[in-house]
Each structure stands twice: as C-alpha cells, then as structure tokens.
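Given the sequences, and given the hints that come with them, work out the whole structure.
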Amino acid sequence: MGPDVTAEQLVAAELAQIGVRADPAVLPFEQPQPNTVTTWKGRDVLWLGPDEWLVVGEADSEGSIERELQDALAGQPHSVVDVSANRIAFDLADSLDLLASGCGLDLDPSRWVPGMCAQSLFGGAQVILHQLDERTTRVFVRPSFADYFIDRLGAANRLI
Amino acid sequence: MSRRVDAGGSWIDRSKPLTFRFDGEEYEGFEGDTLASALLANGIIAGFTSPLLDRPRGVMTAGPEEPNAFVEISEPWFDAIVAATMVELVDGLVADPRAGVGRLPDAGEMPSVDAAHRHVHVETLVVGGGLAGRRAAAAAAKRGDRVMLVDERHRIDRPPDGVTVLPRTTALGVYDDGYVVAHERSATLERLWHVRATRVVLATGAQERFVAFAGNDRPGVMLASAAATYVERFGVLPGHRVAIFTTNDSGLESADAVRAGGADIVHTIGVGEDPSAAIEGVDLLLVSGGWNPNLTLWRSMGGGLRYSRRLATYRPDNVGPPWLEVVGSADGDGLPGSQAHWLEPADDYSEHFVDLQRDQTVADIAQALDAGLVSVEHVKRATYIGTAIDQGRTSGVLAAAIVNQLLGTGPDAQGPSGARPPTVPISYATIAGPDRGDLLDPIRRTRIHPWHEEQDAVFEDVGQWKRPRYFPRDGEDMDPAVARECLAIRNDAGVLDASTLGKIDVVGPDAAAFLDRMYTNRMSTLPVGSIRYGFMLGLDGMVADDGVAMRLGDDHFLVTTTTGNAAMVLDRFEEWLQTEWPGLRVYCTSVTEQWTDVAVAGPKAREVIAAVGTDIDLAAETFPFMTFRDGEMAGMPVRVARVSFTGELSYEILVDGRRGLELWKAVMSAGAPSGITAYGTEAMHVLRAEKGFVIVGQDTDGTVTPDDLGMGWIVRKDDSDFIGRRSLRRADALRDDRKQLVGLLPNELLPEGAQLVEEDTGPIPMPMFGHVTSSYASRTLDRPIALAMVERGRSRHGETLYAPLPGGTITAEIVPPVFYDPDGTRRDG
Amino acid sequence: MLLIRCPWCGPRDEVEFHYGGQAHVAYPEDAEALSDEEWADFLFMRDNPLGPFRERWYHVHGCRRWFNAVRDTSTHRFVATYRMDEEPPA
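Chains as they are written, first to last, in the working numbering: chain A, 225 to 384; chain B, 8 to 836; chain C, 32 to 121.
These are computed hints drawn from the structure, not numbers from a lab. Just so it is clear, CB atoms sit at the ideal spot from N, CA and C, and this is done for glycine as well. Any given hint could be a false lead.
Derived CB-CB ranges, DEER-like [unchecked claim]:
1) B/G704 <-> C/Q53: 20 to 30 Å
2) A/Q255 <-> C/A111: 24 to 34 Å
3) B/L591 <-> A/R291: 25 to 35 Å
4) A/E254 <-> B/G704: 36 to 46 Å
5) A/Q255 <-> B/Q762: 58 to 68 Å
6) B/G109 <-> A/R382: 18 to 28 Å
7) A/P333 <-> B/D448: 22 to 32 Å
8) B/Q374 <-> C/Y58: 58 to 68 Å
Far from chain B by the CB rule (all over 12 Å, computed), these chain A residues [to be verified]:
9) E254
10) E292
11) L316
Below you can see the structure in the form of structure tokens.
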C-alpha cells in the first residue's frame, strides 16, 4: 500500500480559462485536431468538441484573453465565456497509473502522449485531461468535485 | 502421515517450508504448493463435508472445477469462500472448511477487502497460460501487439517474452467488445483489472469429466489427471493402493504418472465394469470420463456449441463475436477421444452424484424428468444442478448428457445449460474497489462549504451536493432551528448559499428564439436587464424544470435551473440544438460553478446589502423586482438579481466562484447589526411553501402540467410552438378530474406522501383523491400547513379531506395554496 | 461494456455515453396540425426491431456531441456510427 498522494505529486494550478464556441472557420487560432492541444500566443487551446475549445492561459489573464477573442470573433456567431472559476486544474506528476484506476481511457504512455487532451470520467467525476509533458498530466475538474477527486486519487494510491 | 514423495514436485521448493492452519490444526507445506496439495501431502483425504447431505468429501480435482474442497481464508487476507485447489500456500495462511456456502463475517472480525482497480488497453488478451495460450500470446507480441496473458494458477511455466504475464489472475467475465474483468489476488495484492482488448483469445483448456456411479462422491475418488498433477507438480501421492476407471487413453497416462510417484495400480476398469465395486479395496479411485473444453467464458458471450462424437462432449461452434476466439484444448484440439459413458446402470441412482456441490444425483434428475421437464435449463432450475459456486464445471456436461440419455434423445440433442459471469465467487468489496464509503458516489461541496462546517451546519443530500439543511445554535435540534431561521427572514434578514443552482450561458443571434421554444413563456420579449421565471415541459407536456432567465444582451441570456436538473437541462438544450435545429445559431456553456450565489432575503435585505457596500442603486424604483444589475460589492465584481423564493425582499448575488467565500463572509459581517441569519434548505422549503411556490420534483412528479399547478398563466397562448405545447391539448391533459395543487390546513402536521380520502370512517379501501406533496410546521403562521395534489382541487376550496394514518386520522381543510402575503406586498421590502 | 466509436473522439467506453432512442424521428414541422393520434404516434411509438437499428447516442462525458449509430440489437454490435449531418449508411 502506498501513502496518500503527496503535495509534489498533485499541484493546484492557477489558470485563466476561457470557453470558446464558434464555427471552426472563423477561429483566430489554429484549430486543434480532436482530442489534442495547440498553442495560441503562448496559451493552450484544448479541443473539447468540433465547435468548442478551452483556451488556457496564465493566472489573471482571463480578462485580456476574453477581450482578444471577443474582438477577433466580432460579427460572427460565437460564445466566449470566462470559465476560470468553473473548473480547478491540478498538475499531476507520474500519475497515469493512478488515473487508470478510475478512467477507461487508453493512458498507456505509448499511446497517450504529450499534447493530447480528452474529456472523460475519473470515478464519478467528469474530467478534462491534458498531458503537458512526459511526466505531467493536467486534470481539470469542477471545484465541487475537487475534494472527491483528491480523495479518490488518494484511495487509488493507497491500493495501487 | 506425509504423502509427500521424492518423485515430481516441479512447482514446489522443498527448501522453503511454510506453516499454515487448517480447521484449527497447524500443518506444513512448501512454497509453490496450493492449499489442496498441502492438505493432501498432510494426509487430509476427507476434511470437507457436503452442503445438504452432510456427506464426507475430499479434494477431487486440482483446479478451478473443484466441487468439494471449499475454504474460508481469514489470514493473511480474507476470502469468504474459495476452492482450496486455487489458493496459493503462503506462510501463516489460515483456512477453514466451508460446506459450499460462504459466511459473512461480523464487521471488524476480518480485515477489510481493499482491491485496487486498474483499466488497461491491449490489442490481445489471452486467458489461460497453457501451451496454446502462451503460443497465441507470443505470436501476438511478435506482431507488435500489446499483449496481456492471465492465468488463474499461481504459476505460469515458460512465460513468453514481450507479454504482460499475470499469474493468480482469474478472468471473471468477458463482455461486449473485448471488455474483460479479471481478478488478481496474492498474499500482498488484490486488484481488479478492467481490460479492453481488441482481440480476446480463450485458451482456457479442458477439464476432465466425471462419471456418475454409486459412491462417486466419497473421499478418495479423484479425477485421474488431478492425481497426476499432484504427483508431478507438487510431489504428493494422493493414494498408495489405486484403481483407475477410464473411458479414454488419458486415464491410463494419468495412472502411469501416479504409479511413477510410487503407487500400486491394483485395478484398471473400463466401460462395462462398475467402478463402485472397486472403492472398498483401494485408497484412491481415479476417474476419467473424457474431457470437456472449458467454455464458461465463451458461452457467457453467447458462443455456441456443437457435439463431437469423437470426444463425447461439446466443442465451440466458433460462431461468436468477431473479436473472440478459442484455441487449444478449449477448442477441442489434442483432446483424447472417449467413449460416451455418462452413468453406470443401476436400480438405485440415489448415490450416483452429478453435482457434488448441490448434492444432486441421477435420481434427482430422473425425478425432474418424471415431473414432465424436458429442457436441460428447466432441470437445472428444478435440481439446482450447475448453480453452485463451482458453476457446474464438473456437472454441466454430465447433467445434459444424462438428461439426453434418460429421455432417449441421443447425446447431441441438448447441450449443457448456459454460463454467466462471474466465473468464480467475488466479493462486492472487490468489485467496488476504491468506490465505496464516502467515495461510493461523489460528494459535491460549494465554495462556502468550509464556513458551513465551521458553523456545525446539519447537511442534507441534494443530488450529489451537500447543502446545509439548518444551522443549529446552542444545541438546538431541527424544529427550533428552522423556526428561528424562518422568523429571521420574515422579520430581519437571512442568507442562503444558493450556489448549487444550475447556470447556463446561452448566446447567439437565435438565443431568444431558441429559449422561446424551450420554455412555455416568451423569453424573446424580455428586456435586457430583466429576469423572467420560466417553466420547461417535457414533450409530454409535463413540468420538467423551472428556473429564471436573465437577459444579458440582445443575444445573450443566463439561465438558471434547479439544483438537481442542471445537467439535464444543458443536455436537453444541446439535444435540441444538435439533433433538431442545427440551423439555430446558439451556443450553450455550463457556468454553474463559475459563480457563487449568495441569496440575501428579508425586510432588512436592502440594509444588509448597503452595509456590505455596493455601487448599485438599491432603491426599489430604480432596481425593481425581476431585474438585475452588474456592479461592485465589497470590492468584487458582482451581478445582483432581484428574485425571491421566500416572498421577502431578496437579492441574489453572483460572484466569481473563487471569491464566493470572501463575499459570504463580507455579507455575514456587514449584516450582523441587522441580525442576519444563515439559513438552510429546510427554512427555504418552509418559506416557499408558505408562499405556495412549488418545487419541481417535490410537488411535481412527471405527471403534472402547468395548469394542474394553477400556473396556466405561465403558458403562452399565441400560436408559436414550444416543447410540450401540443401535449397540453391531449385528451388526458384536458380531463376535468385531474389532480390540482391546493393548500391544506391540517389539524396536525401531515406526513409528506399521505393519501387523502373523503370520509373519516368507512369501508376500506377508500377512493383516494390526492396526496400530500409538501408539509411543514409554519412558524410564521404558527400552524401546520401542507401542499397537496387533489382531484379537482381548485373547485374544492373549503372542503375537508382526511388522511388515515397508523396513529389516527388527520383532518385537513382545502384552501388556496398561497398561505402568506397573497398580494405580494413584501417583495419590495 | 460496449465500446462505442464517437465520430469525433473515436472508441470510448459506454459509460461516457447516454442512449438517445431511435434516430431519424424528426420533430413535426407543425405539431399543432397533428391529430391526437398522430401526435401520440410521434410521442410514444418507436420501432423495436431484432437486427440493425438506427439510434441516437450522446457523448455526454466526452465531447458532448449527439450522433447516430446503426446497432444490431441481436448482437449489440455497432455496424456504424455517423454524425448528425451525415446520411445513414446504406
């Protein structure tokens, strides 16, 4: 039995998050392929759906990202919504095995590689996973599920 | 008396003795032993009893088909019931015999089962680590597949390279599209694997078949191949003076192996000679009735069988899912041909056992057939043959063959009964893994939850949310606490954490037109800055949800939903937009947790908000009911909505969720001079019921129209369509005897759900005219009140109904559902 | 557990999806013009074939897209999945 998930293994990330929905043809950024991430002006653009993306930038930049996107999409039907508080992000180190305790995605490092993202379930919580680099998985979860997420991860770690 | 011999023993390490306990006695075995081999080595030939007839039984097999030797393991792990043939011997093991039935230990008596869970994806999963399985795994690995090989035994000889090899791992079930659940268990680990495989190879082998003859269940009767296994792998000779009864050549090979271990083979019996006569003269009777491919998993996925005359058993018909294949002896390959011999003829079949674990004999089958049953499946259900925890591995084919023989239909008329997972007993705790206790279902908490906990709030579950039900002070229990909270809102000010309400951002050129279709009232005429309460119906015209829409801009709305329906409403929006009206230019985004919602209510609410400090003009004339304003409060950007669920002057403050707790504390501290009181869901329910406001899902149950609630006004009458509109003209919706929402003034507190009748006495059953949907002790009115759905209720105000209850009958007068401030004089403060 | 191929995300576990009933049952152009019987037929009556069946699925815990599928009800096997704007396979 392993110990609880450690502070080094699980770091809360302060981020700006902007939800974008629009016709892919009018985007100011390169459209990521399904379940992958591209970058735009130093921000991550996560594919959430064929007309839905999550733009992730550094903390407190939500105002400027929102303005830039609103300006770029003006005149086109679109949705640009600040969702920075709607999800909490955790950066998990070396934890794909822990996530595989409650997530049916193929998280084998030979298939799940940096630059991929996916929406799925971890136990009973909806999550967005984003593999930042070989070691780090960023997990977005609703704040109301944050305690559950940490506890469920800890239970997996104790049993692994 | 030790039966360990020098010959054989390829699986054991004689230099590593282990100590274990069985049935209270201490014994020794070796590393590599199973519990069964160690028991036999210690001369324990009986040691078990049958579940129904209490007959002595001994180890009969060397594998998962064992019908007799079941044990409970209590150290070093707990297993309620498992075959001794499948337990790897470890030092300190404690086992006790179980007569085919497990025991649920008392809480705390046994260590809790803690099973890890792991999802894994492979291209090829092989079940079974015999020769065929290892070959299939090696070939797949060579192709570049990710390959997993599982085997329930604790040892896999010569494991192939490039393959994840899991011994001690039982495939419990094979499910659609290559989903396999497998249970791995060792002294230090318990894990449930959820394997998704592109291809599943069943190399599950074959099991030797038994024959029904008198006394075939007696200790010392053993499958021939099992005895050979005990000699060769474990260096254990299960008997010295041995007879062999066989229908095929493999029995002779097994006898040779046993002889090589040092036994005397004193009789070799073939078909035509009754083996039961030989039992008395030997200490081990070997039986080989042929071989059955082990097809439990194949059959559980709907795979079919065909009868093989050469093998005298059933092989897979290879008509199954395209991703599933059977190889090796499980497919019948390499199995010895056998005579079709199922039972030894006799006058009395009452000791010809077929299913040892159910103590069922040929006589029991004959009785079922005499009663007129002809199907193997029916015989199974009449006799319970094949339903014990060994899943009928030794009895299934035998029972089917005996049914065929007794019916005179020929051996291929009916195959064995079906098979279902799990293949071996598995505890619920293992299946649950980490997902139990507080993790059984997610517990959701708002951003203000830490404050609620500091105040010792009593919580209630609302869906997955923990919401404060009330905030007891000084040892109060619920009733006085709720009464105090209600009075504070009616007289001063209260504050509620309303963050759990669903919130959806709806934007786009067609947003207003879309919401018109989703709600019964018109959202497109709502001025920017205003709020409208709306009903959402199902296509069947029944109330599905309610909420408010705030118009943020010409093409931009913020819609709220009930706490429990937040996901449902967003899903419904997406469904209509994506499947029916893809041309509508509308985008929806859930923002439920973007905002914390702090609701301040009461005649002093304005005073409280002013004290918190805001740049918003709070005057009723400039900030009227059902409008909202954006501004600042306590230095934070906020959106303030004037809506009311209590009937009192009310402000709902939306603030960035990350600052929700900060705002809440600012409200509590600035409101203290005004007597602000945090209140919970119970007070909220009482106050809204006093105002006759319904809760969708409490006062409605999916059979209630807006008109039933007396809210026909919320349904627009123009000729534009909305979801559910057509159903409101269905004959059933227009019936004049529908149940309608009424208020009740009972002479004492009614239980919710109580049925209402017209007479206080009379013959039962009485016609029921309605039921109570909400009931509270109203502190404001100083009396019990209730809401109810009553047939033709609106035309019956002033009448009396009765609620007959176990403690006596409660009398209730029907009244309009608004008990308090019917003219709405209080909402502006 | 079924493995369902979302037209956008590829194969995912069944737990990520909601079932959406028979596909290609359009909401009536003018519901008010329907008789009670016609409306009830739209509201309540669905096909229940043994064999291939066109049905709707919703990738609720993934990309939140509705899509259509042809599934053989006798084997649970998916013959095809296709986007809402695509024609069903022949």
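Query raised in the report: Is A/E292 truly not at the interface, in the sense that its beta carbon sits beyond 12 Å from all beta carbons of chain B?
Result: For A/E292, whose nearest Cβ neighbour in chain B is about 17 Å away, the distance exceeds 12 Å, so it holds.
Report task. Hint says 36 to 46 Å; check whether the CB-CB distance for A/E254 and B/G704 agrees. Result -> 45 Å Cβ-Cβ, so the 36 to 46 Å window holds.
Query raised in the report: Is it true that the C-beta distance of B/G109 to A/R382 lies inside 18 to 28 Å, as the hint says?
Result: holds (26 Å)
**Report entry** Hint check for A/R291 and B/L591 - Cβ pair distance inside 25 to 35 Å
**Finding:** holds (27 Å)
Query raised in the report: At the C-beta level, are B/Q374 and C/Y58 separated by a distance inside 58 to 68 Å?
Result: holds (60 Å)
Requested in this report: Starting from the hint 22 to 32 Å, judge whether the C-beta atoms of A/P333 and B/D448 obey it.
Outcome: holds (31 Å)
Query raised in the report: Is it correct that the beta-carbon of A/E254 has no partner in chain B closer than or equal to 12 Å?
Result: Since the minimum Cβ distance to chain B is about 20 Å, A/E254 lies beyond 12 Å and the statement holds.
Query raised in the report: When you take the CB atoms of A/Q255 and C/A111, is the distance between them in 24 to 34 Å?
Result: The hinted range 24 to 34 Å holds for A/Q255 and C/A111, with Cβ atoms some 26 Å apart.
**Report entry** A/Q255 paired with B/Q762, Cβ distance criterion 58 to 68 Å
**Finding:** For A/Q255 and B/Q762 the Cβ distance comes to about 59 Å; the hint holds.
**Report entry** B/G704 versus C/Q53 beta-carbon gap, inside 20 to 30 Å or not
**Finding:** Between B/G704 and C/Q53, where Cβ atoms are some 27 Å apart, the hint holds.
Query raised in the report: Per the stated criterion, does the least C-beta distance between A/L316 and chain B lie above 12 Å, as a non-interface residue requires?
Result: holds (16 Å)
In summary, the structure agrees with every hint in the numbered list given earlier.
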